[in-house]
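Q: Since each chain sits alone in its own frame, please combine them into the complex, following the hints.
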Amino acid sequence: MKDMITIHVEDLNGTVHTVEAPTDMGLSLMEAMKANELPVKAMCGGMAMCASCNIILQSDHELPEMGEDEEAMLDEAMVLDVPNSRLSCQIPVTENLDGLRVKLGYLTDPEA
Amino acid sequence: MIETDIIIIGAGPVGLFTVFEAGLIKLRCHLIDALPQPGGQLSEIYPKKPIYDIPGYPSVLAGDLIDNLMEQIAPFKPGFTLGERAEYIEKQDDGRYVVTTNRGTVHVAPVIAIAGGLGCFEPRKPDLDRLTDFEDHGVDYIIKDPEKFRDKKIVIAGGGDSALDWTIFLADVASEVTLVHRRQAFRGALDSVEKVKNLAEAGRVDLRTLSEVTTLRGDSELSGVSVTDLKTEEVNEIEADYYIPLFGLSPKLGPIKDWGLNLNKESISVDTFDYSTNVPGIYAIGDINDYPGKLRLILCGFHEATLMVQSAYKVIHPEKNLVLKYTTVSGVSGFEG
Chain A
78 MKDMITIHVE DLNGTVHTVE APTDMGLSLM EAMKANELPV KAMCGGMAMC ASCNIILQSD
138 HELPEMGEDE EAMLDEAMVL DVPNSRLSCQ IPVTENLDGL RVKLGYLTDP EA
Chain B
652 MIETDIIIIG AGPVGLFTVF EAGLIKLRCH LIDALPQPGG QLSEIYPKKP IYDIPGYPSV
712 LAGDLIDNLM EQIAPFKPGF TLGERAEYIE KQDDGRYVVT TNRGTVHVAP VIAIAGGLGC
772 FEPRKPDLDR LTDFEDHGVD YIIKDPEKFR DKKIVIAGGG DSALDWTIFL ADVASEVTLV
832 HRRQAFRGAL DSVEKVKNLA EAGRVDLRTL SEVTTLRGDS ELSGVSVTDL KTEEVNEIEA
892 DYYIPLFGLS PKLGPIKDWG LNLNKESISV DTFDYSTNVP GIYAIGDIND YPGKLRLILC
952 GFHEATLMVQ SAYKVIHPEK NLVLKYTTVS GVSGFEG
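Chains as they are written, first to last, in this note's numbering: chain A, 78 to 189; chain B, 652 to 988.
Pulled out of the complex, with its shape left as it was, chain B reads as follows (with noise of 0.2 Å):
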């Protein structure tokens, strides 16, 4: 069981900016994000896209961004559940949340904030006969630990950075790789296209492009793929551990929508002196919320995250006032352990 004084569900900007701003008030923060790393659509979406808004920066990288993020609230330490989704909230009897995970994680704390984003990102899944039966028997949407793929034979499929990003990566890692993809193009950074190319002549990657993986093959667990190349329609049978179809990810709302918190279609309703949910305790943040005159900025996002926190205070804190203290006076002062 994981405690903290605040759990945030959502480690893009602005849930990673609270762990700031609550550090300097001394409050602990534990983070949850379904995807596998920091940063939400940031990473996962637009990583080398330049935003021009954020105050200070004329532009910076949505992935420099949250790089940066992730050395500002170094100091406060706070602790991650990477790779699952929140999907219960319980109230325990001395007042505390309990919030549990997809995978069985669990985390107390007087507090929540959900820094959600558009929802939880959810794999885009392949039309394929008994896919759904193979997850987590060989089938794989999302990486998180790249040991497990350790002397395996595995299928990679799809065409945009993760797909290049992890065939480079898992090369050197498993004992076979395959790449497929539909296209002749691949739609990533063109040094990692050179890479993968690279990879494939030294035959240390076997590249099938204008093809298709068409069928799973396996008992529980599977055991082989087959690739179709979609101009030939010559079918390959390849043997595979995994298979990892890197088609993308959407979000959905998800299970935010069964917490009883007030909604506005897919967004939560917050009272705009401290971003509360209608439930006390819980508050939102950043681009899931909705108020009047709401814009789904970043930099509207550190701004509620600011003023959030020192509610938040009051509420783990009743008997304590809080003193507002300038960085530039008082520093950065970071937990110790």
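If we strip away everything but chain A, and leave its shape as in the complex, we get (with noise of 0.2 Å):
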């Protein structure tokens, strides 16, 4: 099993950040970034409560299914119908996941 995986986060300035995150810390996609210290504002800290988070899938991996709390917030930040936007502390850092390309959403900006 591998425990460390290979993540591709590209921000707001189009600066593509190559980090690596454990899979045995129960860490979140959101936690992992801000681990490696990337511009990520995630204001509620994980609660799906606001939308500072938001991410844009860039690759074909499979993400977990959409809560119902996920996809509520994401309507209310008007970010839900973005193809591929999600919420990054809603996606577990698993496996399956090595090699996934994600890019920053505005709300994630902390000036925003």
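A couple of the hints might just be wrong.
What follows is a list of derived Cβ distance ranges for each label pair [as the list claims (entries may be wrong)]:
1) A:Y183 with B:E786: 53 to 59 Å
2) A:G103 with B:S874: 49 to 55 Å
3) A:Y183 with B:P687: 24 to 30 Å
4) B:L858 with A:E145: 32 to 38 Å
5) A:Q135 with B:K742: 48 to 54 Å
6) B:G911 with A:Y183: 26 to 32 Å
7) B:P687 with A:H138: 23 to 29 Å
8) B:S984 with A:G103: 45 to 51 Å
9) B:L782 with A:E145: 37 to 43 Å
10) B:E786 with A:E145: 52 to 58 Å
11) A:H138 with B:E786: 39 to 45 Å
Capping the alpha-carbon separation at 30 Å, the derived lysine-lysine pairs in DSS-like fashion look like this [said to hold, decoys possible]:
12) B:K945 with B:K916
13) B:K908 with B:K965
14) A:K111 with B:K799
15) B:K795 with B:K846
16) A:K180 with B:K908
17) B:K742 with B:K803
18) B:K804 with B:K742
19) B:K882 with B:K908
20) B:K916 with B:K776
21) A:K111 with A:K180
22) A:K111 with B:K795
23) B:K742 with A:K111
24) B:K965 with A:K111
25) B:K799 with B:K848
26) B:K699 with B:K846
27) B:K776 with A:K180
28) B:K728 with B:K700
29) B:K728 with B:K799
30) B:K742 with B:K965
31) A:K79 with A:K180
32) A:K111 with B:K699
33) B:K803 with A:K111
34) B:K742 with B:K677
35) B:K700 with B:K677
36) B:K903 with A:K180
37) A:K111 with A:K79
38) B:K677 with A:K111
39) B:K776 with B:K677
40) B:K945 with A:K180
Worth flagging that the hints you see were computed from the coordinates, not collected in a lab.
Heads up, the beta-carbon is just placed ideally off N, CA and C, and yes, glycines get one too.
A: What follows is the structure, given as structure tokens:
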């Protein structure tokens, strides 16, 4: 079993950051990005109660199905209609996400 | 003009607890917050979430923690300027600071404690033509004084707790209440959803799900909105004195960055000796500050507030010495008036 996966994150300036994330620490994708000091606002801390960890999936990895809270939050923040839009706090870092490519949504901007 | 010892910017848990610790050493406080109610994120974002790391509470709901803090600080009679954003800080000739809000309320004190969390909450605004033209002319994002809506026709949009709670509340106040929500399901407390459905069945609320407000009408004042059914694309015209979009709030650092304070990204750099900023008499505590080893936890903010007021005391009363008193010995004696 692979205990570290690689994730590629495109920030709001278009720069792609390649980071590693452990699969055995119960991290969410949001936490893995924050642990690597990527600029993700993630205000509510992972409760699916804001949308400031919004990402757009760029690769064809299969993500866990969206829960009701996540869907409602994305809708309220007006980013549900963006194709492949998700809350990174609701995506656990698992082995099958190795090589994942995501783009940060504009709501992640700490100044936004 | 409001005069006090410490102006606290931000009425979240850390700002509120500052009132208690300041009160124990006979300092008076006045809080300013952009939100219409105290509690910051805890009231606005997650009032029903349990918090497990408050010492002495195995579990406490965020909303209950705020209620308890309000009770705890009540003897010290704090002042509140709510629903207004602290905008400008100036230093007077006598050394005291003047804090002015976006609504022009003026506060004066020798010490400022910034407990601003992640900044001031600003409403998420829908993308509608003429929306900003109607702000304060029929469009409101936060509700400060519900009486304003008495016998008026109002249209609320949103699907969270605030949209549901205000729909329920205003059903008894306004002449007509329409609730418009893009989805079928609501993201709020189940009993609130139930109440809104009952009000709709009783004909007291016009509930329009899978619908969206798409146009605002009126000359200088709002007179109506168009509501589009997202399935059939049918458009209905509704008369409205007020349109209240409640799509949640998101914090922005806002004016804090213009106050001449040393910042590290979006946080205010402080000295951990007393959580002072680079400007004498201005402190920063809680989630808004930054120092080596900083953890954004409520309990750390409580500690910071406690040390901070000791230093503030020396600014306010340079001639006096302070002796630490225990509440077990001295109790809590509040202010008379």
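Q: Could you run down the list of hints and mark each one as holding or not?
A: Comparing the hints with the structure gives:
no.	hint	in the structure
1	A:Y183 with B:E786: 53 to 59 Å	violated, 22 Å
2	A:G103 with B:S874: 49 to 55 Å	holds, 54 Å
3	A:Y183 with B:P687: 24 to 30 Å	holds, 27 Å
4	B:L858 with A:E145: 32 to 38 Å	violated, 20 Å
5	A:Q135 with B:K742: 48 to 54 Å	holds, 50 Å
6	B:G911 with A:Y183: 26 to 32 Å	holds, 29 Å
7	B:P687 with A:H138: 23 to 29 Å	violated, 43 Å
8	B:S984 with A:G103: 45 to 51 Å	holds, 47 Å
9	B:L782 with A:E145: 37 to 43 Å	violated, 29 Å
10	B:E786 with A:E145: 52 to 58 Å	violated, 32 Å
11	A:H138 with B:E786: 39 to 45 Å	holds, 42 Å
12	B:K945 with B:K916	holds, 14 Å
13	B:K908 with B:K965	holds, 26 Å
14	A:K111 with B:K799	violated, 43 Å
15	B:K795 with B:K846	holds, 22 Å
16	A:K180 with B:K908	holds, 28 Å
17	B:K742 with B:K803	violated, 43 Å
18	B:K804 with B:K742	violated, 45 Å
19	B:K882 with B:K908	violated, 45 Å
20	B:K916 with B:K776	holds, 25 Å
21	A:K111 with A:K180	holds, 14 Å
22	A:K111 with B:K795	violated, 36 Å
23	B:K742 with A:K111	violated, 38 Å
24	B:K965 with A:K111	violated, 38 Å
25	B:K799 with B:K848	holds, 25 Å
26	B:K699 with B:K846	holds, 18 Å
27	B:K776 with A:K180	holds, 23 Å
28	B:K728 with B:K700	holds, 28 Å
29	B:K728 with B:K799	holds, 27 Å
30	B:K742 with B:K965	holds, 18 Å
31	A:K79 with A:K180	holds, 24 Å
32	A:K111 with B:K699	holds, 26 Å
33	B:K803 with A:K111	violated, 47 Å
34	B:K742 with B:K677	holds, 24 Å
35	B:K700 with B:K677	violated, 34 Å
36	B:K903 with A:K180	holds, 22 Å
37	A:K111 with A:K79	holds, 21 Å
38	B:K677 with A:K111	violated, 41 Å
39	B:K776 with B:K677	violated, 42 Å
40	B:K945 with A:K180	holds, 28 Å
The structure fails to meet hints 1, 4, 7, 9, 10, 14, 17, 18, 19, 22, 23, 24, 33, 35, 38, 39 from the earlier list, while all remaining hints are met.
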